[in-house]
Amino acid sequence: MRKLVALSISAILASTLMAKEIKVGVLQPLTGPIAAFGQKTLDGIKLVHEKYNTLPNGDKIKLVVVDNQFDKIQTVNGYKRLVSNENVVAVEGPLASSMALAVKRFANDTKTPTVTQIATNPRVTKGTKYISRTCFTDDFQGTVAAKYALKHNLDNAVVVFDMKQDYSVGLAKAFMKAYKKGGGKILKTLFINTGDKDFNAQVAQIKKLNPKFIYTPIYAPEEGLFLRQLRAAGVKAPVMGGDGIADPALLKKLAGKAANGVMYTDHFDAAKAPTPLSAKFIKDFKAKYGRAPSAFAATGADAYLVIFNAIKQCDTPATSNDLSKFKSCVNNAIRHTKNLEAVTGYLTIDPNTGNPINKPAVIEKIVDGKTQFVELVKP
Amino acid sequence: MDIGFVLQQIINGFSLGSMYALIAIGYTLVYGVLRLINFAHGDIMMVGAFLTFILLGIFTGWKFQHINMPLFFTAAGIAIILTSIVGILTYVIAYKPLLDKGAPKISLLITAIGISFFLESLFNVIANQYLGGTYQAFYFPKWFSKIIHIGDITIPILTIIVPILTILLLLLVLFILYKTKVGIAIRALAFDISTVKLMGANSNFIIAFVFALGSALAAIGGIAYAMAYPSIDPYMGMLVGLKAFAAAVVGGIGSVTGAVIGGFILGFVEVAIPGFFPELGGWKDAFAFILLIFVLLFKPTGIMGIDFERQRF
Amino acid sequence: MSAKKYFTLIAIVTAVFVAFLYFSPKIFGSYTITVLSNIYIFIILAVSYNLINGVTGQFSLEPNGFVAIGAYVTAILLLSPEIKDELYMLSEPLPLIRDVFLDPSKPFNPFLALLISGFVASLVALTLAFPVFRVRGDYLAIVTLGFGFIIRIFLINNPEISNGSMGLDSIPGFASYFLIGIICLIVVILVYNIVYSRYGRAMKAVRDDEDAALAMGVNTFKTKTLAFMTSAFFEGVGGGLLASSIGSISPDQFTFMLTFQLLIIIVLGGLGSISGSIIATFLFIGGMELLRPLDDSSWHFGPIHGIPGLRMVVFSILLLLLMLFARRGLLGDKEIWDYIKIKRRINE
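Chain order of the listed sequences is A, B and C. Using the numbering used here, you'd call the opening residue of the first sequence number 20 and step up by one each time. Using the numbering used here, you'd call the opening residue of the second sequence number 595 and step up by one each time. Using the numbering used here, you'd call the opening residue of the third sequence number 21 and step up by one each time.
Treat the hints with care, as some may be off.
The list that follows gives simulated cross-link-like pairs (lysine-lysine, DSS-like), each with its CA atoms no further than 30 Å apart [stated by the list, open to error]:
no., chain 1, residue 1, chain 2, residue 2
1, A, LYS384, B, LYS740
2, A, LYS384, B, LYS657
3, C, LYS354, B, LYS695
4, C, LYS224, B, LYS690
5, B, LYS657, A, LYS271
6, A, LYS305, B, LYS657
7, C, LYS126, A, LYS130
8, B, LYS740, A, LYS255
9, A, LYS207, A, LYS384
Calculated from the structure, these hints are not laboratory results. All values derive from a computational prediction rather than experimental measurement.
With the sequences and hints as input, model every part of the structure.
Here's what the structure looks like:
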């Protein structure tokens with residue numbers, strides 16, 4: 020009898036200990052100017068979380084989602100709320116570089132492993148052990164565009180970038196560096212401002228210069244109108260952008276026929292699944308949301324998978340006092356991610372820089388409002 | 595600098611300036627009568643463009659195909675009327691109660707900002723919830739996007755129509771102000787509001803008429819703007835509105851002709867400076883305010899220089 | 021209030037508040053503390069904004085510009101040349117910008133940086149005062165609004181000064197919770213003293229009737245400029261604190277939205293009332309958190325569903341209702357203790 024009681028007590032104890040909940044924070048812009056990106060990312064994360072939420076020892080992972088409103092104060096508040104009130108083990112996000120830079124100090128202070136999926140600014144992971152990312156950096160994306168242009172003998176170019184967006188400025192700079200290095204000639208850099216609708220001044224300049232190639236690392240709302248005015252003025256040179264214009268539907272709406280032929284670099288092509296997991300993800304995504312996953316959903320899923328994989332490798336803490344030890348183990352495991360099967364490919368993270376190694380980019384082209392795969396570029 | 599390039603810039607400047615001018619007239623009218631900067635006026639322009647878009651959507655079953663002239667002008671016409679009603683409503687709901695109480699001007703300005711934010715966030719919710727996104731493409735008959743080529747210069751048909759329309763509307767407004775009974779009443783009201791009330795004129799009706807007229811012009815400006823740059827969003831009116839106000843001050847606030855001249859000047863500056871000095875392109879949005887500060891420093895009454903003690907409009 | 025009573029009051033408020041600052045981190049979690057320090061910074065901004073808008077009655081819309089200036093000056097002063105070399109990616113920093121450095125590890129340097137931020141902001145206010153106060157009334161609103169735009173465009177277009185749209189990060193975090201609280205207390209006491217001094221009376225005279233004030237021998241231009249500069253000074257200091265407490269800044273943080281929030285706060289609290297502004301800051305930031313579900317599409321209350329963006333609609337309606345029905349805000353232009361006094365008198 021005594022034995023039975025002891026057994027059942029230990030069973031109860033074990034089960035309560037076993038069925039622990041491990042919290043992972045998600046900090047994304049769900050309202051505000053880039054809410055659409057945040058929502059798409061969250062769709063991807065939720066989908067992989069449905070599948071990968073139980074650890075080998077039976078513990079469950081719970082997502083705690085916080086909206087950062089694309090505002091720095093809210094980002095810092097949200098991050099602190101996740102870390103100190105919710106006691107999360109790791110944080111996924113935030114997606115924009117400026118917001119990721121804002122949490123850098125607090126990630127260091129609280130030693131919280133943080134994985135951002137699409138903050139492409141090189142500075143995000145510099146000088147910190149606790150922020151890692153699963154995407155390539157602006158330097159690489161700019162290089163890909165430059166190499167593509169040079170390969171096709173488009174050896175003089177005009178760059179149009181958005182002064183108001185750090186993303187745009189960084190990408191333009193990376194492109195110009197790589198392009199000049201490869202022997203290309205930058206005829207002129209022109210700038211626009213977010214919210215501009217009249218690009219006639221820039222178009223007039225471009226027409227005068229008659230470049231072979233036009234690089235536009237800007238966002239889709241401006242790109243759409245820019246293309247329309249550019250083509251109306253009779254400029255026929257090929258146009259390429261970054262992942263900021265990866266919104267074919269909006270481009271088609273705004274530019275009409277002028278959107279045809281525009282190219283952009285992106286993280287992922289839903290028509291070409293690089294891994295079995297990826298194929299499954301794309302299928303499930305279509306079934307659940309009725310559309311193909313965007314690069315945001317795919318990279319969001321990647322970041323979650325990296326965190327999940329890292330948690331799997333660490334012992335769940337028995338008490339909350341061990342949380343910091345657990346966090347440092349998770350962080351270490353994130354930094355040592357090797358050949359992890361994810362949505363955009365097999366991920367390996369450089370332990371020293373926190374950036375993925377050998378992450379390829381795809382070049383896409385818009386034809387009749389749909390994307391068409393052009394090529395895959397490996398570093 | 596080749597002559598074709600210069601001509602191209604002049605044409606573009608005219609076209610952009612006309613839209614500022616159409617909106618600036620509304621500012622000047624309301625300011626002349628109530629001495630109030632109607633901060634929401636820029637958003638009224640957005641409302642005009644959005645309503646046209648929504649009506650066209652309803653007419654074509656949200657497919658936006660086969661938009662012909664009669665259909666477009668019906669939609670635009672109804673939208674202009676609805677926008678005037680929105681303009682009247684802003685007066686009746688937000689300004690009139692405060693004016694009746696004799697509230698200080700600062701309260702009126704705060705309410706104006708409140709209305710502006712209300713319209714923006716309301717249409718933001720409508721666009722996101724029911725139209726499928728903040729940014730919408732604006733559709734209109736194909737004829738308007740025709741382009742005339744003269745040598746090296748490309749002239750979209752719109753860039754000729756809009757300035758002509760603006761001049762015609764200016765003449766119409768001047769006619770109303772100087773040759774009709776309502777117009778005389780408006781000028782009287784602008785001169786001395788309390789005396790006009792004592793004379794038994796229905797000041798509320800006249801002020802409402804001013805709001806309606808200003809809003810209708812803003813709606814036309816908004817529709818023209820949406821056709822020239824066919825992407826609309828709920829915040830499109832904010833900056834354009836502020837710039838148009840600056841244009842009205844530069845031209846001489848209180849003067850309708852001044853508003854139009856100010857609008858044209860601003861249009862030229864915004865096109866010409868980035869055109870000839872591309873490195874200043876990033877400053878484009880600041881030109882209006884820099885111009886404004888200079889005007890305030892050297893000729894506070896603006897180019898047309900209305901002396902409020904003696905004349906109106 | 022007699023001088024003795026006044027000093028007792030200040031001493032009590034200070035003691036209670038310092039005790040709260042000391043004990044609150046031990047009671048609340050770090051998230052609550054972050055929200056509280058945001059509230060203190062907003063109190064600094066709101067109280068100083070109220071000085072020009074409420075007390076002097078000059079409707080200006082500039083705080084985002086001055087806060088931006090303060091934030092950037094503090095950041096540039098406290099970042100070392102080595103970090104700046106690494107930070108300025110778009111263009112080399114100007115030699116002056118690069119080499120100016122106050123080592124934040126030395127005890128008084130952060131305060132010096134804050135003071136310089138305030139001075140730079142008020143210097144800009146002084147230059148702005150000349151075109152602005154030449155004309156009366158509404159022009160002020162539009163010019164100050166334009167000024168906010170110009171500052172942002174300046175920051176974006178001069179990467180050799182501000183690193184453009186990339187902004188600055190790794191700003192030393194000297195602004196602890198305790199420090200922000202203490203500075204907030206000092207600013208409130210200073211502004212209170214200004215409002216109820218001879219200058220404050222001149223400011224109110226300008227607000228109530230500028231012509232009469234002029235006739236009574238008040239130099240209205242000087243009064244307005246002084247109020248404007250003082251307001252700018254504290255907004256600059258607040259901006260510096262904001263930069264240090266967040267750790268990274270960029271031009272898009274200082275949009276008209278910031279001004280709009282402060283405007284709601286001071287109108288809600290009552291234009292001209294310092295204690296009103298303080299109470300309203302708590303209500304506003306608390307209310308923002310309470311209304312958050314409105315933006316969340318999974319939230320619903322009966323038939324009403326949350327829609328992203330709905331919160332802003334509700335906020336603008338609240339501002340409108342406030343202006344229409346309770347134009348004087350919570351406290352009008354009086355302070356909370358004035359009401360307590362009146363009540364006591366009625367009871368007697």
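Report task. Of all the hints given earlier, name the ones this structure violates by number, lowest first. Result -> Checked against the structure, no hint fails, so every one of them is satisfied.
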